[in-house]
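Student: One-letter residues, chain by chain:
Number of protein chains: 2
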Amino acid sequence: MLLVLKFAGLCLCLGLCRGLQFNDVDEEAPSAAQTSKYGSLWPLPQEVNIAETSFKLSSSTFRIVDSKQSSAGPSCNILQNAYRKYFEYMFGVARKQEFGKNGRPGLSELTELQVWVTSVDSECDGYPSITSDESCDLSLNVSLCLLSRAMSQLILSPLSFQKNINATKIKDFPRFAHRGILLDTSRHYLPVKAILTTLETMAMNKYNVFHWHIVDDPSFPYLSRTFPNLSQKGAYHPYTHVYTPADVKMVIEFARLRGIRVIPEFDTPGHTQSWGKGQANLLTPCYSGSKPSGSFGPVNPILNTTYDFMTQFFKEISSVFPDAYVHLGGDEVDFTCWRSNPDIQKFMEDHGFGHDYSKLESFYIQRLLDIVTSTKKGYMIWQEVFDNGVKLKPDTVVHVWIGGGSNEELSKVTASGYTTILSAPWYLDYISYGQDWQKYYKVEPLNFNGTEQQKKLVIGGEACMWGEYVDATNLTPRLWPRASAVAERLWSHQNVTDINDAYSRLSAHRCRLVERGIPAEPLFSSYCPREYKAV
Amino acid sequence: MLLVLKFAGLCLCLGLCRGLQFNDVDEEAPSAAQTSKYGSLWPLPQEVNIAETSFKLSSSTFRIVDSKQSSAGPSCNILQNAYRKYFEYMFGVARKQEFGKNGRPGLSELTELQVWVTSVDSECDGYPSITSDESCDLSLNVSLCLLSRAMSQLILSPLSFQKNINATKIKDFPRFAHRGILLDTSRHYLPVKAILTTLETMAMNKYNVFHWHIVDDPSFPYLSRTFPNLSQKGAYHPYTHVYTPADVKMVIEFARLRGIRVIPEFDTPGHTQSWGKGQANLLTPCYSGSKPSGSFGPVNPILNTTYDFMTQFFKEISSVFPDAYVHLGGDEVDFTCWRSNPDIQKFMEDHGFGHDYSKLESFYIQRLLDIVTSTKKGYMIWQEVFDNGVKLKPDTVVHVWIGGGSNEELSKVTASGYTTILSAPWYLDYISYGQDWQKYYKVEPLNFNGTEQQKKLVIGGEACMWGEYVDATNLTPRLWPRASAVAERLWSHQNVTDINDAYSRLSAHRCRLVERGIPAEPLFSSYCPREYKAV
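Taken in order, these protein sequences are the chains called A and B. The first sequence: position 129 = 129 (my numbering), numbered continuously. The second sequence: position 369 = 369 (my numbering), numbered continuously.
Please note that the accuracy of each hint is not assured.
No copy is singled out in the list; a pair is fine if it fits within one copy or between any two copies.
[Said to hold, decoys possible] Result set (EDC-like, lysine to aspartate or glutamate): computed pairs, CA atoms no more than 20 Å apart in a straight line: (1) K455 to D217; (2) K171 to E47; (3) K439 to E515; (4) K193 to E349; (5) K193 to E515; (6) K315 to E408.
Just so you know, these hints were derived from the structure itself, not from any lab.
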C-alpha cells in the first residue's frame with residue numbers, strides 16, 4: 001500500500017500535509033475532551049475525509065520516496081530534511097522501541113509515501129515568500145485493501161504498540177498567506193536555541209513568518225558588520241547577549257527549511273534608545289530649558305548624517321536578510337524630546353511644519369522608505385505610518401496593532417488599497433486567567449466593513465509576544481498552544497468555528513507538542529499520555 | 001581566615017544562613033535595577049551588616065567543616081548534603097573552570113567555614129516541624145585582615161573569575177514558622193521531577209512546608225497500599241500518572257534534607273469525584289426525581305462503611321507521611337446531590353438537622369476529625385470547617401483562603417483561639433499582566449483587628465498553585481519568582497517593605513535561580529549574565 005502526497009508547489013515542509021499528523025497521542029484520547037472526528041488535526045485542513053479503515057505502519061518497512069513525476073528529488077535539501085523530521089515524528093527516535101511490529105493479521109500495511117511536487121520550480125534552494133504555494137493534497141486510497149475486522153478498535157487499543165493510520169483524503173491550502181509570530185529579542189535577549197525551538201513549533205502549527213523584533217529601546221543585540229558599536233555598546237552584553245552574523249544565518253536557514261520567512265524589524269524613529277549608545281549623533285538631544293538635558297529622544301530627523309547612517313545600515317540589512325520585506329516599525333513616536341530641542345524647532349519652522357510634529361515624523365519616514373526602496377526591499381510598517389499620511393509604495397504591508405478600532409483601521413487601510421496584516425487581537429504577552437485561547441480563536445479578521453476587494457487585501461496576521469515579561473524561561477509555555485489558536489484562525493476555512501471541536505483537537509495537538517519535547521501549557525485540567533519531563 | 005556559622009538549632013539547610021547567598025550574579029548587576037545595598041539577599045535576613053571589605057574564595061582551598069563545639073558532625077546527613085549543595089552553588093560544578101585562582105595580592109582569603117550547631121538535639125535524623133528552630137548567626141570578622149586596596153573594585157570587575165565575599169554579619173530567624181507552597185497534583189499530574197525541582201527552589205527561598213494537594217475531583221494519583229483501586233481506577237493512568245510509595249518516600253526525604261515539611265491534603269467530603277471510581281459506595285448517589293441519576297456527589301456521610309474506610313485510609317496516611325499534621329480539606333461542599341438523595345433526607349430528619357446541610361457536613365467532618373485524631377495526627381482544615389462551627393482540637397490550623405473578608409476571618413479564627421495560616425491573597429494560579437509580584441509582596445498578614453495574642457496565632461501562610469492551568473510545562477516559571485515575593489513577606493521583618501529595594505534584590509535573586517538551572521521568569525525588561533538555555 002502506498003500513499004501519495006501531491007503538492008502544487010514545493011510544500012516546503014512535509015508537515016504541511018497533515019495526513020501525517022498522527023502519533024501515539026491519538027491512540028489515547030485525553031480524558032477531559034470529547035473526541036473530535038478529526039482526531040488531533042491542527043490547524044484543520046480545508047477539506048478532510050477520514051475513513052474508518054486503517055493501515056498499519058512499521059518503521060522497519062515504511063519509506064518516504066520521491067515520486068517519479070516529482071520536480072524535486074534527493075538533491076532537494078528542504079525535502080530530505082523534512083523526510084527525516086517527519087519519520088522521527090512518526091516513529092520516534094531511538095529511545096522508542098517498536099513492539100509487535102509483525103502486526104495483526106488482516107491489517108494492510110502502508111509501506112510507502114510518495115511525494116510528488118507538481119510545480120516546475122521546486123524552490124528547493126530558494127526562500128519562501130508571500131507567493132509560495134502552500135497547497136497540497138493527500139490521498140490514502142483504501143480500494144486495494146481487504147479488511148477483516150473493525151480497525152478503529154485496534155487504533156484505540158492502549159496495548160497496541162503498532163502505529164496505524166486511517167484512510168484519509170485531504171485537500172489543503174491556507175486561508176491567509178501571511179501567518180506570523182513576533183518575538184521581541186530586545187526587552188529580553190532570547191538565546192538562539194529558544195528562537196529555533198519557536199521556529200520548530202511554528203512549523204508544527206503551519207506558521208510561515210517569523211517577525212523578528214530584534215532591537216528596541218532596552219538593547220541592541222544585532223551584531224552589525226558595518227556598525228559593530230551598535231551591539232558592542234547597545235546590547236545587554238557585547239559577547240553573550242548578541243546575535244552574530246553566524247547566528248542570524250542559522251536562524252534564517254533553520255526557518256527556510258521549515259517554510260518560514262524571517263522578516264526583521266528595525267523600528268525607527270522611536271524605540272531606538274539602545275541605538276544611541278553605539279552611534280553618536282543618531283538620536284535627538286533633549287533639552288531642559290536652554291541646555292541639553294543629557295537624555296535623548298527619537299532618531300534625529302534633521303541631520304544628513306542620520307540618512308547616511310540609515311543608508312549604510314539598511315544596505316547591510318538588505319543583504320543579510322533574504323526576505324523581500326523588512327519591517328520598519330514607525331510606532332509610538334514620542335514628540336516631547338523633539339519639542340524641547342531648539343534645532344528641531346528651527347527646522348520645523350524652515351519646513352513650514354508649524355507645531356505638527358507628525359509632519360516631522362512623516363518627513364523622516366518618507367526619506368527612510370526611499371532609502372529602503374533603493375535596496376530593492378519591500379517594507380512593512382506599523383499602522384501609525386499610514387495614519388500619518390506618509391506616501392507608501394503600493395506593495396506596503398500595513399501592520400494593524402492598536403486594540404479598539406482595529407476594524408475601522410482595516411477598513412481605512414484596505415480602502416486606500418494597501419495590503420495589511422492584523423495583530424491587535426493577538427497580543428499574547430497580555431496574559432490572563434483561564435482559557436484565553438478561545439478569545440484568540442474567535443477573532444474573525446474579515447469582520448470589518450469593506451468590499452470583497454478590500455477583504456482580499458488582508459493577507460494575514462501575526463501573534464505578538466512582546467518581551468517585557470518574557471524570556472527563555474517562560475517563552476515556550478506562554479506562546480503554545482495559545483498561538484496555535486491563532487494559527488488555525490489564519491489557516492483554516494472561515495467556517496471552522498466549533499469551539500468544542502477545537503478544544504478536543506487542540507488538547508490532543510498540545511499533547512503532541514509535549515510529546516515532541518515542546519513544553520506547551522495545558523488548556524485545562526487534563527493529562528497527556530507522556531507528560532513533559534524536563535526540569 | 002575562617003567564617004563561623006552558628007545555629008541555635010540545626011539549621012536543617014545550610015542555605016538558611018544567606019551569607020552564602022553570593023555568586024557570580026552579584027558581580028554583574030542587572031541593568032534595569034538600581035543596586036540594593038543588600039545585594040541579592042532574598043529573603044532579607046532579620047539583621048544584616050555588610051562591610052565594604054572582602055575576602056577571596058577559592059574552590060581549591062575553601063572548606064566547610066563542623067565546628068568542634070557543634071552538636072552535629074560528619075554523621076549528620078542533612079548537614080553533609082547541605083555542604084555539598086552549597087559548595088556547588090558557590091563554585092559551580094565541573095563545567096565552570098576556575099581562573100586566576102592564585103588571586104590578587106592584598107586580598108585575604110577565606111579558607112574555612114565552621115558550622116556550629118548549638119542545640120543539644122541536632123535533629124539530624126528527624127523531620128522538621130512547626131517548632132524547628134530556624135534561626136542562625138553568621139559572622140565574618142575582618143579584624144585580622146590587612147587590606148591594601150579597595151576591594152569593591154575587584155568584586156565588581158567583570159574580568160575577575162575569582163569569587164569574593166564581603167565581610168558580613170547576619171542574625172537571622174523567620175517571622176512566621178509556617179511558610180508553604182501548595183501544589184495540586186490532581187488537576188494535572190506533576191512528574192516527581194517537577195515536585196523535586198519545586199522543593200529545591202523552595203529551599204532557595206526559605207520555604208519550609210510543601211502542602212501536597214495530592215488528590216481532588218479530576219484524578220487520584222496517590223497509590224494507596226490499602227486501597228490500590230483508588231489510583232488504579234481514579235488516576236489519569238494507573239501506571240504513568242501515579243505516585244508510588246517509593247515516589248512519596250523520595251519526595252519526603254528530599255524535602256527533609258532541605259528542612260521542608262510535607263503536609264499531604266486529602267480533601268473530603270467534597271472534591272472527591274476521583275475517589276468514587278475505585279471505592280464503591282463511598283460517594284453519595286445523586287437522584288433525579290425518584291431514581292439515582294448515575295452521578296455522584298460528596299462522600300456519603302450516612303454510611304458506617306464510609307467511616308470504616310476513612311479509618312483504614314487515614315491509618316495508612318498517618319504512617320506514610322511523618323509530619324505531625326495532615327490537611328483534611330473540607331472546602332466547597334456542594335449540597336445539591338445530598339439534597340436530592342432520599343436516604344440522606346431521612347438521615348437529616350432522624351438527626352434533627354432540618355434542611356441545614358452544613359450540619360450534615362459538620363457531622364461528617366466531626367467524625368473524620370476524631371478518626372484522624374486517633375492516628376495521633378494534628379490537622380489543618382480549610383476555613384469553611386471553622387465557619388460551620390465544627391468542634392476542633394485546640395492545635396488545629398485553620399487555613400484562610402476566601403478572598404475578600406480574609407481579614408475578618410483571621411480576626412474570628414484567632415479570637416476563637418485557633419492557629420491559622422493565610423492563603424487568600426496568594427493564589428498564584430491567578431495570573432495577570434504585569435508585575436503582580438508586587439501585589440503579593442505588599443500583603444501584610446497581621447493587618448487585621450485583633451489583640452497581640454491573636455496576632456501570634458497567625459503562624460504563617462502559603463502560596464497556592466492550583467492546577468487547572470498548570471502542569472510540568474509551565475509550573476516553574478509561573479511559580480518563581482512570584483512565590484519568592486511571598487517568601488520574603490513570610491520570612492523577613494514586618495518593616496521590610498521598600499518595593500524598589502525589593503525589585504533590585506529580587507531581580508538578582510531570580511538571576512541566581514536561573515543560574516542554578518531554575519527557569520524563573522523575569523520581573524521586567526532586563527537580562528541575566530547567564531540566560532536560561534534549556535529548551
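Student: Confirm or reject each hint.
Tutor: Evaluation of the provided hints:
Proximity of K455 and D217 under a CA criterion of 20 Å is satisfied in neither setting, with 35 Å inside one chain copy and 47 Å between copies. In this assembly of identical chains, K171 and E47 lie within 20 Å of each other by CA distance solely inside one copy; the values are 5 Å within and 70 Å between copies. Taking the shortest Cα distances, K439 and E515 never come within 20 Å of each other, neither inside one copy (26 Å) nor across copies (36 Å). In this assembly of identical chains, the alpha carbons of K193 and E349 never lie at most 20 Å apart, being 50 Å within a copy and 67 Å across copies at closest.
In the homo-oligomer, the alpha carbons of K193 and E515 lie at most 20 Å apart both inside one protomer (19 Å) and across protomers (17 Å), since each shortest distance falls under that limit. Taking CA atoms no more than 20 Å apart as the test, K315 paired with E408 passes in neither setting, with 35 Å inside one copy and 67 Å between copies.
Hints 1, 3, 4 and 6 from the list above are not met by this structure, while the remaining hints are.
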